[in-house]
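*Asks:* Sequence:
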Amino acid sequence: MAILWMLPFVCVAASEKTYDGVTIMSYNIRCDSGKHKDGTNSWEFRWKSVINMIDACGADVIGLQEVTPFQLPLLKDYCEKYRFKGVGRDDGKKKGEQTAIMYRADKVALVKWGAFWLSETPDKPGKGWDASHPRVTTWAIFRSKKSGERFMVVNTHLDHKGAQAQANGLKLIMDKIQEINKKAYPVVLMGDLNIKPDSPAFASMEGHGFQDARLCADKTDSCESFHGWGKRALVIDYIFAKGFSAIPLFRTVNEKYKDEAGEPHFVSDHNPIISCLIF
Numbered sequence: 000m001a002i003l004w005m006l007p008f009v010c011v012a013a014s015e016k017t018y019d020g021v022t023i024m025s026y027n028i029r030c031d032s033g034k035h036k037d038g039t040n041s042w043e044f045r046w047k048s049v050i051n052m053i054d055a056c057g058a059d060v061i062g063l064q065e066v067t068p069f070q071l072p073l074l075k076d077y078c079e080k081y082r083f084k085g086v087g088r089d090d091g092k093k094k095g096e097q098t099a100i101m102y103r104a105d106k107v108a109l110v111k112w113g114a115f116w117l118s119e120t121p122d123k124p125g126k127g128w129d130a131s132h133p134r135v136t137t138w139a140i141f142r143s144k145k146s147g148e149r150f151m152v153v154n155t156h157l158d159h160k161g162a163q164a165q166a167n168g169l170k171l172i173m174d175k176i177q178e179i180n181k182k183a184y185p186v187v188l189m190g191d192l193n194i195k196p197d198s199p200a201f202a203s204m205e206g207h208g209f210q211d212a213r214l215c216a217d218k219t220d221s222c223e224s225f226h227g228w229g230k231r232a233l234v235i236d237y238i239f240a241k242g243f244s245a246i247p248l249f250r251t252v253n254e255k256y257k258d259e260a261g262e263p264h265f266v267s268d269h270n271p272i273i274s275c276l277i278f
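Mind the numbering: the sequence shown is residues 0 to 278 in numbering that gives the first Met the number 0, read in order.
Just so you know, these hints were derived from the structure itself, not from any lab.
In this text, all values refer to a predicted model and were calculated from it rather than measured experimentally.
There may be inaccurate statements among the hints.
[Claimed, not checked] Only pairs whose alpha carbons sit at most 20 Å apart, straight line, appear in this in silico SDA-like list of lysine to any residue:
#1 LYS84 x LYS34
#2 LYS80 x LYS34
#3 LYS94 x ASP31
#4 LYS93 x PRO68
#5 LYS75 x LYS36
#6 LYS93 x GLY113
#7 LYS182 x GLY206
#8 LYS34 x LEU74
#9 LYS218 x PHE278
Could you put the whole structure together from the sequences, leaning on the hints where they help?
*Replies:* And the structure:
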C-alpha cells in the first residue's frame, strides 16, 4: 500500500500519559559497540539521556532497533521497571544487533515470544534476498494487567539497501503474523523500516488491515523520525496497528534529554516515536 505523506511539517505537543490504553514506543537506539566513531554522540556520552527519555515517556512496550550487547547492560541496570526479550541477529543468541522488546512488567504480562529472520530461511540466522545485513524480527504476545486484553507486538528493522529485502521482508512479516496470531489478537507492527512513506515496498501490507498511527491518530505530528544527529529529516520509522478500537495519539519524541553532565543531548540519530492504542 502506498502511504501518502500529506501532513504539514508541524509538531503537536501531546502526552501519552493523558490517555488510557497501551502505550507503544519504537526506538532505533543507534548501535554502539564501544568502537563506533560518533564523537560526542557516542553511547558513553548519551546513555544517561537515553535512560532519562525512557523514564520520562514510560511506555508500556518499547521496540528497540540496533541495540548491541555493549549497550544492553546499562539499559537493564537503569530501566528497572522493564524486562527484555531479543536475540542477536548474527547467531540467534547474543552476537550482533537486536530488535529487542522492552516491556513494563507492572503493566503487561508476557504470554510468549519468539524471533525470526527476514530471509528465505526465517528460522535460522542469515541474510535474505539482496540484504546487506542479517535482519531479525522479534515478536511477543502480551496481556494487559489492567484490562486483561491480549495483544501482539512485532518489532523489526528492514534492510537499508536491498529493495527486494524490504518488500519481501514485509511480506514475510505479514505471513508470520497470520501464522503466529491464530486467535486474531490486536497487533502492533513497529520498527525502523528504512523506507519512506511512498515506498512501493508497502504494497506487501495491502489487505492486512494495518493503520499507520502517524496518519490515523486523533492527535499526531509530522516530525522526522531520522535526523542524523540534527543534519537530516526523513520519515522511516513507523508504528502500525490493527484490531484496536482507537488510536488517540501519535507523537515524535524529538526533545533532547540531559546527559550525565546535565547537558541536553540527542538520544539517537533517530527520534523515538510513541503511540497510545485503545482496545
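*Asks:* Taking the hints in turn, state whether each one holds.
*Replies:* Quick rundown of the hints versus the structure:
1. Between LYS84 and LYS34 the alpha-carbon distance is near 25 Å, which puts this suggested pair outside the 20 Å criterion.
2. Of the supplied pair hints, the one linking LYS80 and LYS34 is violated, its CA atoms being roughly 29 Å apart against a limit of 20 Å.
3. Of the pairs offered as hints, the one joining LYS94 and ASP31 holds, with about 13 Å between alpha carbons and a cut-off of 20 Å not exceeded.
4. Straight-line distance between C-alpha atoms of LYS93 and PRO68 comes to about 7 Å, which keeps the hinted pair within the 20 Å bound.
5. The suggested pairing of LYS75 with LYS36 is violated, with an alpha-carbon distance near 24 Å, which exceeds 20 Å.
6. Restraint check for LYS93 and GLY113: satisfied, since their Cα atoms lie roughly 14 Å apart, inside the 20 Å limit.
7. Our distance criterion of 20 Å between C-alpha atoms is met by LYS182 and GLY206, whose separation comes to about 18 Å.
8. Pair hint LYS34 plus LEU74 holds up; C-alpha atoms about 18 Å apart against a cutoff of 20 Å.
9. Straight-line distance between C-alpha atoms of LYS218 and PHE278 comes to about 17 Å, which keeps the hinted pair within the 20 Å bound.
Comparing the model with each numbered hint stated earlier shows that hints 1, 2 and 5 do not hold.
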